[in-house]
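Participant: What follows is each chain in one-letter form.
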Amino acid sequence: MSTTNRILLCDNVWKVYGPDADTFLSTREQPPSPEDLAAAGLLAAVRGVSLSISQGEIFVIMGLSGSGKSTLLRCMTRLVEPTAGSILLGGTNLLNATERQLMQIRREKMGMVFQNYALMPHLSALENVAFPLKVQGMKRAAREARAQQMLDLVGLGGRGRHYPHELSGGQQQRVGIARSLTLEPDIWFLDEPFSALDPLVRREMQDEFLRLQTLLRKTIVFVTHDFAEAVRLADRIAIMREGAVVQVATPEALVLAPADPYVSAFTRDIPRAQVVTARSAMDLGPDAAGSAGVAAAARVIDIAERVLAAEGPVAVLAEDGGVLGALSREAVIRLLLAQPHTRPAPVQ
Amino acid sequence: MTAVELRSEPESRGDAVRGAGAARLPALALLAVAVLLCLLPQFGVEMPPALAAIPDRFILPWRQWAGEALTYVAKDSHIGPVMVSEITRGIAGVILQPMLLLQGLVSKGLTVGGVELPPLPWPSVMLASALLGLRFGSVRLALLTGGALLYAALFGLWDATMLTLASVLVSVAFGVLLGTWLGILAFRHPRVDRALQPLYDVMQTVPIFAYLVPILYLFGFGPVGAMMATVIYAMPPMARVTTLALRGVPASIGEAAAMAGCTRGQVMRLALLPSALPKMMIGVNQVLMLSLTMVIIASVIGADGLGAVVLKALQSLKIGRGLEAGLAIVLVAIALDRLGQAIAERRPQHRDAAGSRRWALAFAVALVLPCLLAPMIPALANWPADWSVSTASWWDARIAQMNLAFAGPLRELKTFAFLWLLRPTKLFFLAVPWIGAVTLVAALGLLLGGWRLALSCGLMMLFVAGCGFWEPAQLSLYLIAISVALALLIGMPLGLACAASPRFNAGMRVVLDTIQTLPSFVYLIPVIMLLGSGDFPALIAIVVYAVTPAVRFTADALRHVPGEIVEAARMSGASRWQNFGWVKVPLARPGLLLAVNQTVMMAFGMLVITALIGTKGLESDTLISLSKADPGRGIIAGAAMAFLAIIIDRLLRAAAGGQAARP
Amino acid sequence: MSYRKFNTSWMKTLGAAALSATFLAAPQARAADAETASPVRIVVTGITDADFIANVFAGFLEQNGYKVERVKADYAAQFVGLEAGDMDFSTSIWDTSRDIMDAALATGKVQNMGSTGVKIREGWWYPLYVKELCPGLPDWKALLEPACVKALATVESAPKARFVEAPADWTTNNAARLEALKLPFVLEGTGTPAALHAAIVGAVQRKEPVIGWGFMPDWMTEQYPGEFVQFPHFEAACATDPKWGGNPDKVWDCDNPYGYVWKVANTKSEARLPRASRMLRLYHLTAADVAWGIRRVDVDGIESEKAAEEWLKAHPDLVADWAL
Ligand SMILES: Nc1ncnc2c1ncn2[C@@H]1O[C@H](COP(=O)(O)OP(=O)(O)OP(=O)(O)O)[C@@H](O)[C@H]1O
Ligand SMILES: [Mg+2]
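Residue numbers (my numbering), protein chains in the order written: chain A, 1 to 348; chain B, 1001 to 1663; chain C, 2001 to 2324.
It is worth saying that the hints were derived from the structure and are not from the lab. Warning: the hint list may mix true and false statements.
[To be verified] Okay, derived cross-link-like pairs now, BS3-like style, lysine-lysine, Cα gap no bigger than 27 Å in a straight line:
{"hint": "1", "chain 1": "B", "residue 1": "K1628", "chain 2": "C", "residue 2": "K2268"}
{"hint": "2", "chain 1": "B", "residue 1": "K1426", "chain 2": "C", "residue 2": "K2268"}
{"hint": "3", "chain 1": "C", "residue 1": "K2268", "chain 2": "B", "residue 2": "K1075"}
[As the list claims (entries may be wrong)] Computed beta-carbon distance windows for the label pairs:
{"hint": "4", "chain 1": "C", "residue 1": "G2065", "chain 2": "B", "residue 2": "Y1072", "range": "37 to 47 Å"}
{"hint": "5", "chain 1": "C", "residue 1": "G2108", "chain 2": "B", "residue 2": "T1415", "range": "45 to 55 Å"}
{"hint": "6", "chain 1": "B", "residue 1": "V1365", "chain 2": "A", "residue 2": "S168", "range": "36 to 46 Å"}
{"hint": "7", "chain 1": "A", "residue 1": "A38", "chain 2": "B", "residue 2": "P1424", "range": "57 to 67 Å"}
{"hint": "8", "chain 1": "A", "residue 1": "G137", "chain 2": "B", "residue 2": "P1250", "range": "21 to 31 Å"}
{"hint": "9", "chain 1": "B", "residue 1": "G1265", "chain 2": "A", "residue 2": "S168", "range": "26 to 36 Å"}
{"hint": "10", "chain 1": "A", "residue 1": "A38", "chain 2": "B", "residue 2": "G1248", "range": "26 to 36 Å"}
[To be verified] Part of the chain B face toward chain A, derived, beta carbon under 7 Å:
{"hint": "11", "residue": "G1248"}
{"hint": "12", "residue": "S1252"}
{"hint": "13", "residue": "I1253"}
{"hint": "14", "residue": "A1256"}
{"hint": "15", "residue": "A1260"}
{"hint": "16", "residue": "S1275"}
Glycine is no exception: its CB is placed at the ideal position from the N, C-alpha and C atoms.
Whenever a hint applies, use it, and build me the whole structure from the sequences.
Facilitator: Right, here's the structure in full:
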C-alpha cells in the first residue's frame, strides 16, 4: 500500500468521557491505563489511536460493540471533540479549525453515511439528498436536479417524491448514501451502513457500494463489526479493542499473522480461500506451465476453478506480467478444504 | 386531548437508590416521630403553642418585602435610563399588532390605507374551517370544525366566538414560540433546564390573582395583559415537551445535518426541530387547551369574547345564556384540539404535491366568494338576528325546577358529606402543628429520595409555616386532600374501564374534554343555588376538574403495560383478576403514581376558582390581595401554594422513581 | 409613567419598527389636534348597574362627538388600569371597596371626580317572608331570637345561623359587627357577586329562610321583594371609638355607612380630555334611574348599551345639565 499519498492522519487521538477529562489527561506524563481511568470515574472510548489513511483506499475499522469504532470515526469528522491528539486532513489540523472552517471542510471534503440512515423524516427522498445543497443556499431547481442525478446513481431515480417512512430500509440507506455523496466529498465515512439490513439486502448493498467505488474512487473509512463484510470491501483493516487499535493490516495479513488471540478470534470464521491471495499461496519456482497465469493479488477463491481445471500448476503473474511463481492444485485444494477455525497449513 | 404534562425524568432517582439503603432506618424513625407529632393534638394532647403555630414575632415580614419588591419592579425599576414598564409596554404594543390584525380580520374589520374593510363574512370563516377539517382529517372532522362555528352563529355568539378564537390563537402562537425557544435553550444547556423546571412548576401553580397586578402594570390592560397571564399558565408544557422531543430525535440526524455543512443554527432549524415537530404537537395541544381554560380568567382582565359573555350572564344568574356560551368554548376547544391532532398525526405523503394546489384553490374560493357576495346579500355579512335561536330560557326554567325538586335530597347528601367527611378532615388539618408537618415532609423526603429531597421539602414547608399564612395553608390542603381522594376514587376505576374498552374510552374522552374546557362557573352557580356557597361546591369544582387526569393517566398507565408480560402471565395460568392485581397494577405503578401526581397538580390549579366561590384558604388570600391593594399578600400566599404543590409533586415523583428503580 | 418620556426613549432604543405600536399604546400622541380624535376609554365591569351608569355616560360622550372605547375589566383590577393610564374614566366606584379606592387615590395617579349622585344602600338583606320566622324584623334585635336563629341555621353553621357574606374583598365589617352585637351568626363566604347572588336567590326561589349581604342598586334587590335589617345608624365614631353605641368594648356596633357611587379618572386624562373631564364631573344620575336600567337589562333582557341609549333619549332635559 502506498504511503506517499496520505490523506488522513490520526496521531495519538484520545477521547475520554467523564468529568474534567481533559485536565486528567493533560496532567499525565504516561498514557493512563484503563484501570487508572476507571479509578478516576472516566471512560476512554478512544485511546491513543494513530492511523494513516491513503488516497483512494478503503479503510475498514472493526471491533466488538463498544470498542470505540463510532467514536473514532466521529473524532475524524470532529462530530465528537477529541480529548487529545491531532487529526490531519490533507495537511490541515482539523482540531484547530474554527467552527466556520470546519463547516467549510465538511461541505467540501467529507461525506458520511449512518447506521440508522439518519434521514430527515419531514423531507422527501429528493429533498433529503438535496439537503446539503440547500444548506449552502443553492436554488431549488438546481439542487433538485443534482439530487435527482444522485438518486439515479443509487438506483432510486423514481422514488424521489417518497418520504423516508414510505421506503424500505435498503432504499433508505441508498438515499443516505446518495445524500453523503451529493457534495462530492474527498473522504467518505460510513458507520456500519449496512448492519441494520437483512443479509440478502446487505449483500446487494455491498455490491452496490463496490460498484459505486469503482465509479467514484473515493477515500473511504468504513466501520463494521462484520468481518466477512470487512474482507469483501477492505484494502486495510484496523482492529480495535477497548478504544485502542490492536492491529492494522490487509485482510490477508490479519488472517495469516494475527497480532494476538483477540484478532485471531475475529478472523476465525472466515474461509481461508476468501482471504488468501495467489501470491501467498504460490510455490516459488519456475516450473509453471502455460502462459495464461493468474494475478498475484487475486484471491484464491476467485481463481480456484481455473487452477483446478488446469493441467498443472498455474503461473502467478506480477502486475507487469513477470512470473512470480506457480500455484499448484494441491495448494488450492488445501486452502479450500481448510477449516476456517484452524490455522491454515503453512504456505511456504 | 391529552392532559399530559410532560416533565423531565425524575431527577432524584439516583438519590432514591441511595436513600433506600443507608438512610432507611433513621428515615423510618423520623417518620414515626413526625406522625406522632401530627397526631398528638387529635388525642387531646396540648402542644406547646410555639410548636403548634409559629409565633408571630418569628414570622419575617415576607409580605411587606414581596409587596415592595413587586411594586418596585412594576412601577419604578429601570434598566439604565429606561423604565422596565416602558420596555414591557413596548413589547406589549408589538404583540398587540397580530392580535389586532386577527381580531380585525374575523370580527372588527380592518382599516388599510384609510379604506375600511369589513371583517370576513361568517360563511367565509365557517367554510374555511370546515375545509381545514376536511384537508387534514375527515368528513367528520369537517363537520366538527364547521359545526362548532355554526353553533356559535346559531346562538348569536358569532362575534364573541371570533374574538375568543383570535385571542386564543395569538396566545397559542406566542406560547408555542416562547415555549419552543425555552425548550431549545433547555435542550442545549442542561443547567438552564434544571433552573427552569421549578420555575415552570411555580408558573402553573401560583394562582393568577397573585401576579395579576404586576402583569397589568407591565403589559397594560386588555388583550395583551390577558394573553400574558394566559401564556404564563399555558406555556410550560410546550417548553417541557419541546425539550423532550428534541432529546428524542436520534443523534445521528443532528450529525447528518452537521456533516452536510450546517451551522449550529441550521442544525436546529432545518434538522432537529422539524424532526421533533410531530412530538411537539402534543405541547401545542396542551397550550391550546390550557389557554381555553383561561378564557374566563382572561375576560376578568379585559379580554372580550366568550369568557366575558359567560361571566356577564352569570353575574345576573342567566345560567342558560352562560351555558350556551360555555358550550361554545367547549366546541371551539374540541374542534381546535381534534384539528391539531389530525395535523400532528398526518405524515407527509408523496402524492400530496399534486393535490395541494387544488386545496389552495378551494380555500381561496371559500374565503373570497362570500366576501364578494356579502355586499349584495346582507345576510352573508352579518348573521341575521332572526336566524338565531336561544335555549337560555328553557335552561333557566329547568334549573329553577331542579332547584325546587332536588334541593331537598341534595341537601341530605351535603349534610352527610359535611358531617362525616368535610368537618372531621378540616378539624384534623387545622390541628396539625407546624413542627409535625415540617418533620413529616422531611421524613418522607428522606425515605423516598434522600437527604437533598428531605432538606428542600422541609425548607419549603418551613416557609409555608413561617410566612404568616399557616391556617389558610391548612384550609387549602384540607380541600386538596379530600378532593384528590375523591377524584382518584372516581377517576381510577373510570380509567380502568377506559383501558379495557376502547368504546368506553371514546365516549369518556368527549366527557373529559367537556369537563376540562367548560368554564366551571357554568355548573358551579347552579350548585351554589341549590346548596349554598362555601366548601361543598368548591369540593365539587375541584373533583370534577381533577378527575380528568386521574382517568387519563390511569388508563395510560394500564395501557402501557407491555403486552408480552401480560401474555406470559396468562400463559402461566393467571386468572383475569390475578393478572390484574399481580401483574398489571405492580407494573403500572409508576404510571399510577404519575396519575396521582397529576391529579394533585390539577387540584391545585383549580383552587384558584374555588376562591371565587368563597373558600378561605391561600387562594382566597391571593384574590383578596387584589382589592385590598396589598400585592405582597397575594404573592406570598401564592408562593406558599406553589411550595405545597411542589413538595407533593417532588415526593410523589420520588416515590414513582423509587418504585421504578426496584423492579 | 410619563407618556412623553415613553415615546422618546422607546423610539431611541427600539427604532422605527415599533413606532406604530407606540401609537397604539399611547393614543394621546396624536391627540394634539382635537380632544375628540382619540378615544375616551371608559371602564365597564360586566356588573349590570355599573355598566348602565358607564354606558349612559359613554352614550352621552358619543352624542357629543367623542369616540368611546369601553374597556372590559374586573372591578378590582380596574384600578391598575386607571393608575397606569390604560383607562381614562370609571363611573362606578363603590364606597364599599374604600381600601382599594383610597390606595389608588393616594398614588396621585387617579383623582376623584365626585359622586354620581347614586346612593348606595347595602347591608343585611332578607326576602320578605323571613319576617314571619323572625318577628320584629327589620329591627336587628329580632335576629337574636333563638327561633329566628334556628330557622336561619344550616348544617355547616348550626347551632348558629348562616349569613351569606359578600365576597371577601368587599368591606362589609361583618366580622366585627357579629362580635360587637353578639349576633349568633356564621359568615358563609362567597368569592364573587355571582356566587353571592346564586346562594341567596337559590334559597329565595325555594322560599327558604335566608339572610345575606344585599345592596342597592342591584338587580337582585330590584327583582325580589325584601328588606334591609336596621342596625343602629352609622356615625363616624362607631367605626373608631369602641365606647360609642350599645357595646362599650367594640367598634362597629352599628350599620355600614350609606355611601355613594363615585366617579374617578386617571389624573393625566384631564389634560387630554379637558371638556370630557368637566362633563364627567357634572354627570349624575339617581338610584331610580339606575334601577330602571337594571330592570331593562336584567328583566327585559336588552343590551346595556341599548338601555342607556333609551334612557338618554327619554331624558333630554337631564342630559342638557351635563353638557358644556
Ligand atoms: N457521549 C458519551 N458519553 C459517555 N460515554 C460514551 C459516549 N459515547 C460513547 N460512549 C462510550 O464509549 C464507548 C465506545 O462507544 P462507541 O459508540 O464508539 O462504540 P462502537 O464500537 O461504535 O460500538 P457499536 O458497535 O455498538 O456501535 C462505549 O463504551 C460507550 O459507552
Ligand atoms: Mg457504533
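Participant: Each hint: holds or not?
Facilitator: To see whether the hints hold, each was checked on the structure:
1. B/K1628 - C/K2268: Roughly 24 Å separates the two Cα atoms, so the pair holds.
2. B/K1426 - C/K2268: Judged against 27 Å, a Cα distance of about 50 Å means the pair is violated.
3. C/K2268 - B/K1075: holds (16 Å)
4. C/G2065 - B/Y1072: 37 to 47 Å: holds (42 Å)
5. C/G2108 - B/T1415: 45 to 55 Å: Holds, since C/G2108 and B/T1415 (Cβ atoms, about 53 Å apart) stay within the stated range.
6. B/V1365 - A/S168: 36 to 46 Å: holds (40 Å)
7. A/A38 - B/P1424: 57 to 67 Å: holds (59 Å)
8. A/G137 - B/P1250: 21 to 31 Å: holds (26 Å)
9. B/G1265 - A/S168: 26 to 36 Å: holds (33 Å)
10. A/A38 - B/G1248: 26 to 36 Å: holds (31 Å)
11. G1248: violated (12 Å)
12. S1252: holds (4 Å)
13. I1253: Holds - the Cβ of B/I1253 comes within 7 Å of chain A, reaching about 5 Å at its closest.
14. A1256: B/A1256 check passes; min Cβ-Cβ to chain A is 4 Å, inside 7 Å.
15. A1260: holds (4 Å)
16. S1275: holds (6 Å)
Hint compliance for this structure: hints 2, 11 are broken, all remaining hints hold.
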